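> Throw the hints in and build the complete structure from the sequences for me.
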Amino acid sequence: MSLTKFVLNFTRCVATSTPIKLEYIDKLVKGYKLVVFMKGTPTNPMCGFSKAVMDILNVHKINDFESHNVLENKKLRKDIKEYSDWPTIPQVYINGDMVGGCEIFMQMHESGEIIKEFEKAGLESGLELKK
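For the sequence shown, counting from 1, position 28 maps to 28 in my numbering; every step adds exactly one.
Treat the hints as calculated values from the structure; they're not laboratory data. From a predicted model like this one, the values you see are computed outputs, not experimental measurements. Each hint should be verified, as a subset may be incorrect.
Lysine-lysine pairs mimicking BS3-like chemistry, simulated, CA-CA at most 27 Å apart [unchecked claim]:
hint, residue 1, residue 2
1, K61, K51
2, K81, K30
3, K51, K39
4, K116, K75
5, K61, K39
6, K33, K51
7, K61, K75
8, K74, K51
9, K61, K30
10, K27, K75
11, K30, K120
12, K33, K74
13, K51, K120
14, K81, K120
15, K51, K78
16, K120, K33
17, K61, K27
18, K74, K116
19, K39, K81
20, K33, K61
21, K75, K120
22, K74, K120
23, K30, K75
24, K33, K116
25, K51, K75
26, K120, K61
27, K51, K81
28, K81, K33
29, K27, K51
30, K27, K81
31, K120, K27
32, K78, K39
33, K74, K27
34, K39, K27
35, K116, K78
36, K116, K51
Below, the structure written as structure tokens:
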């Protein structure tokens, strides 16, 4: 393949496929107040990290969220990592912004910072804080 043909093919791929991918993911991420891309489902997480994220949401009694099982869709699994430039799953998004993966979400829970993020999104934590 000539360099010119390669560049034309590459340009066409970038011009057509990347925006479509990003638009598809963007709609998933921005369509709900809270979105979790995980391995498994909320009731049946298939990895410890996804389970930890679900446990935190359960502790806060947050039920108003959208989840996507990346094990059911290899394209989604690949595309979400490209979209976020984050190599691991789960990924948590609040108000269209990536909060992080399991470790960051857990740190935010432990510090109480996650409650503020929930409130910004109009979600109410049901966690009863000890005084």
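> Which hint numbers does the structure go against, in order from smallest to largest?
4, 7, 18, 21, 22 and 35
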